[in-house]
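Produce the entire structure from the sequences given, and follow the hints as far as they go.
Chains as they are written, first to last, in the working numbering: chain A, 1 to 431; chain B, 1001 to 1275; chain C, 2001 to 2304.
Simulated from the structure, these hints should not be mistaken for lab results.
Take the hints with a grain of salt, since some may be wrong.
What the hints assert, rightly or not - In silico DSS-like pairs for lysine-lysine, Cα to Cα no more than 30 Å straight-line:
no. : chain 1 : residue 1 : chain 2 : residue 2
1   : A       : Lys256    : A       : Lys206
2   : A       : Lys206    : C       : Lys2091
3   : A       : Lys65     : A       : Lys323
4   : A       : Lys382    : A       : Lys407
5   : C       : Lys2091   : A       : Lys257
6   : A       : Lys161    : A       : Lys136
7   : C       : Lys2119   : B       : Lys1271
8   : A       : Lys65     : A       : Lys407
9   : A       : Lys256    : C       : Lys2119
10  : A       : Lys67     : A       : Lys391
11  : A       : Lys65     : A       : Lys387
12  : A       : Lys387    : A       : Lys360
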Amino acid sequence: MTDTTETPLGLDRRNLLKTGAAAAGVAAGSGAITGFPTIWAQNIKDVTLRQFGTGVSNLNAIAEKVKEDLGFTLQMTALDSDSVTQRTVTQPNSYDIADIEYWICKKVFPTGALQPMDVKKIKYYDQIVPIFTTGKLTPESTIAQGTAPHTVTFVEGPGAKTFAKEPTQWMTLIPTIYNADTLGIRPDLVGRPIGNWKDILDPKFKGKTSILNIPSIGIMDAAMICESAGLIKYGDKGNMTEEEIDKTIAVLIEAKKGGQFRAFWKTFDESVNLMSSGEVIIQSMWSPAVTAVKSKGIPCVYQPLAEGYRAWGGGLGIGKNVKGIVLDAAYEYINWYLSGWCGAYLNRQGYYSACLSTAKQHMSPEEWAFWMEGKPAAAEIKSPDGKPIEKAGAVRDGGSFEERMGKVACWNAVMDKDRYMVRKWNEFIAA
Amino acid sequence: MQADRRTLEFYLLAAFFGLFVLFLYGPLSTILLLSFQGPNGGLTFPMNGVSLRWFQNLFETQAVGDFGGSFSRSLMLGLMVMATTVVVSLLAGLAFRRGFLGATPLFYLTISSLVVPSILISLGIGLAFQIAGLEPNWWSSAFGAHLTWTLPFGVLIMFAVFNRFSPAYEEAARDLGATSWQAFAHVVLPIIAPSLVGVGLFGFTLSYDEFARTLMTAGSFNTLPLEIYGMTTNVTTPVLYALGAVTTLVSFAVIGIALATIAIIARQRRKLGVS
Amino acid sequence: MSVAAEAAPAAVSDAPAPKRRRRAPPFAPYLQAMPLGLILGAFLLLPIAAIVIVSFWDYDSVQIYPAFVTLNYAETLGSWVTWSTLLNTLKFVAIVWAITLFVGFWVAYFLAFHVRTSKMQTLLFLVCTVPFLTSNIIRMISWVPFLGRNGLLNSALVEAGIVPAPLEFLLFSEFAVVLAMVHLYSLFMVTPIFNTLVRIDRSLIEAARDAGANGFQILWNVIIPLAKPGIAIGSIFVITLVLGDFITVRFMSGGQSASMGLMIANQISLLQYPAAAANAVALLVLVLIMMAAILRIVDIRKEL
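What follows is the structure in structure tokens.
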């Protein structure tokens, strides 16, 4: 291996990659580069951008398209959400682009692992869904509880590590993907209509339910359940007091001891397997996971609930040591990401893209009507890789974009009492 | 017990061993069955048709992740770890056998290396590399992390070997005028060779499948276990089972070929009258 | 520690080892031990030192601060969670150790005494290793369709009329954790025991038989005492593996059971390094005490 050279100081490896990529880049690049000094135009194809994140959005299809459209190489590494947090903070030199969630951002940005981005260089900044800038979907919307993305999106200046209250010129993450989560159910097995988060505590479903085992997300699931069951009144679910945390965990422990839960899941795939194997019939779930169960011919519904959704969002950040031509490439990649192709790709999986206007141009009117407007499918709906997933006439669970994102009750959250919460969560697991 | 007749004890224990092997292969049975899932099937029962789709898919680009690159990294890393483990533990075994100042602390250090939870080694090495300004890579930091795992195994197996190793053989060799090196190379080494093979096998298997220690030390690129775990953060398909099935079949093929080669060589030697 | 503890001083010992050998240069052992020392120094001692230091640092939801606080230890040691998790972990250790010891000993015994050629022994060993070449993550996933409600085992049991309804406890339970651990760790017991058994001088057994010992007496008074180092090493492997495990516990209990390792992993995943480090130091101390106990009972470095 050429890797085992005497100078393990990263630089060699980078150069190696760049040169390696150069040949391929020159050959394959079609040169759709706009808005950058021409002096870079040729060299930029030699760049290799290293991105990591969870498998949710680290899709090989995106890397292929980047190569085709921009000419440089995007190297993707998929990790689980825990490792994503770790790597962002502890290994800022091992990546150029971090694809992370907003609640993780609240934890990692203050460590200085990422550099703020200049919104002047973000071509589609004005078209980003306002959830990420002002926090309001429409000017009349109320802001949901928890770590709402706009609260961790801006900082005061290039070197700042603390979040700004108002939109500024410097952004921590450029939003790419988000969604509203709810309960997924097996309609063939639950045997009754499901309408509230509290239904997960129904003794009828004993031993057949599940929630997430990522504390910052699971605690919000739990809060939705407790609030819905009328067990606890929260001041602010997204920023609980110690007393509220105690009560929430007590409810969970009681349910766990009573055998209410079958398992807790941590990765996408676990939730799919639990549901499709029939181990679990009602659980906190992501929209594309429901789609994945359905695609196996197993009935599964993404059930809208009276209390609303628990939402999450993710975005792209740039590593603190990225500079020069690599930084230019990073900006170019991010602009490309928002320019529509990616957005359409994500929308077709059941997620939402940050720039809806650009994504719309890359989707057929039927697709747009089905995924975004909540209308019955005018034609068969296909997944991004061309597999049919919905027949003509089907309607998306939960309806239109506005209905779903407009009914967000809370975001995944990192609370002020985070340290306390994690200790209590460990108590719950140990109980 | 070189008795010619099989005793009842033999049959009982053989049955026990058979059950043990069955138990080891239990999960593999689902892997093998479900690797033939239909094109729309999932990772769990029910079967949704039968197909070879996933074996074919193994060689195509996945939605997330890359088998080829991560497999070659894991294989390379496993071989590096295997070679290093065999050499270093053999040397250490010899050193401990002779005894030296500081043998006891080093011994306890080795044991500690086993018992420190892997996730901590991972984190510690990741942090240490960051502080030192080095970029973590699978062939540097992850390599070291794996060694903290495989070396204690190697050293302890060497202990068990040398513990029961009668020095009479070497002394006989030396009495016949052999140098230390000759006594080692021609007497000790052949006797302990099977154990060394065992150490190597252990080293490779442990490294090839190591997850927690690699988590924070792999740098920009994933090894196979990390890649697979990363893939579970999106829709996963029975292609994972196809990978398991292929791995198992290839392992058997390699073992079969190795045994056949050994048998052929042995036969030829016998024919040539070399004993 | 039934077997190892009660077997008093080894009944039989090898030829006495000579204290010093003649010709090899005196510095040779230092050169031979150096690679091991260097690797462990760089990849074990340094990281551990960092962890011990960090265990005294302070942290909040986003940052860790260099400081000297004992709060992390106070929180760790003062919480019932730590102790109940510890107890749970020790329970797993005890059960898994007992099962793997039993299984491991008899498998090793069979391989060492009943399989006649070393070629066949190697072959059988290889057959046992093959399942472990498939990534553990994949094998963990495959337990679901094997043990689950609609899994292979339950379908077979129900169809055969052995049980009326699928057994729920097979998956996502402590039973499942123990089963998976035994599956993963048995071989770690088999290998060292096999290594010691195979080196037992067969004439000792013949001699015991000639002296009128029955099978059990031979086993108890000759074979087991001689297998003690292997048993001790295997026990160290299994105990430490179970103590540090977090993946098996999480997967197989469906996240419903805790272990020290899992607790640490949870804290690390939320960047609470000082708390994780304090837990880790506590775990480390525990493990070292247990190892010291084993090594007191069986000095595996004896007779070197």
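Now the hints, each set against the structure:
1. For a cut-off of 30 Å, the pair hint linking lysine 256 of chain A to lysine 206 of chain A stands: about 10 Å separates their Cα positions.
2. Simply put, lysine 206 of chain A and lysine 2091 of chain C have alpha-carbon atoms about 27 Å apart, close enough for the 30 Å limit, and the pair holds.
3. Simply put, lysine 65 of chain A and lysine 323 of chain A have alpha-carbon atoms about 24 Å apart, close enough for the 30 Å limit, and the pair holds.
4. The suggested pairing of lysine 382 of chain A with lysine 407 of chain A holds, with an alpha-carbon distance near 26 Å, which does not exceed 30 Å.
5. Among the hinted pairs, lysine 2091 of chain C with lysine 257 of chain A is consistent with the structure: their alpha-carbon atoms are about 19 Å apart, no more than 30 Å.
6. As the CA atoms of lysine 161 of chain A and lysine 136 of chain A are separated by approximately 24 Å, the hinted pair is consistent with the 30 Å bound.
7. For the proposed pair lysine 2119 of chain C and lysine 1271 of chain B, the alpha carbon gap of about 20 Å is at most 30 Å, so the pair holds.
8. A hinted pair counts as satisfied when its Cα atoms are at most 30 Å apart, and lysine 65 of chain A with lysine 407 of chain A does not qualify at roughly 34 Å.
9. A distance of roughly 52 Å separates the Cα atoms of lysine 256 of chain A and lysine 2119 of chain C; the hinted pair therefore is violated under the 30 Å criterion.
10. Pair hint lysine 67 of chain A plus lysine 391 of chain A does not hold up; C-alpha atoms about 33 Å apart against a cutoff of 30 Å.
11. Our distance criterion of 30 Å between C-alpha atoms is met by lysine 65 of chain A and lysine 387 of chain A, whose separation comes to about 19 Å.
12. In summary, the hint linking lysine 387 of chain A to lysine 360 of chain A is supported, as the alpha carbons are separated by about 20 Å, within the 30 Å threshold.
When the structure is compared with the earlier hints, violations turn up for hints 8, 9 and 10 and for no others.
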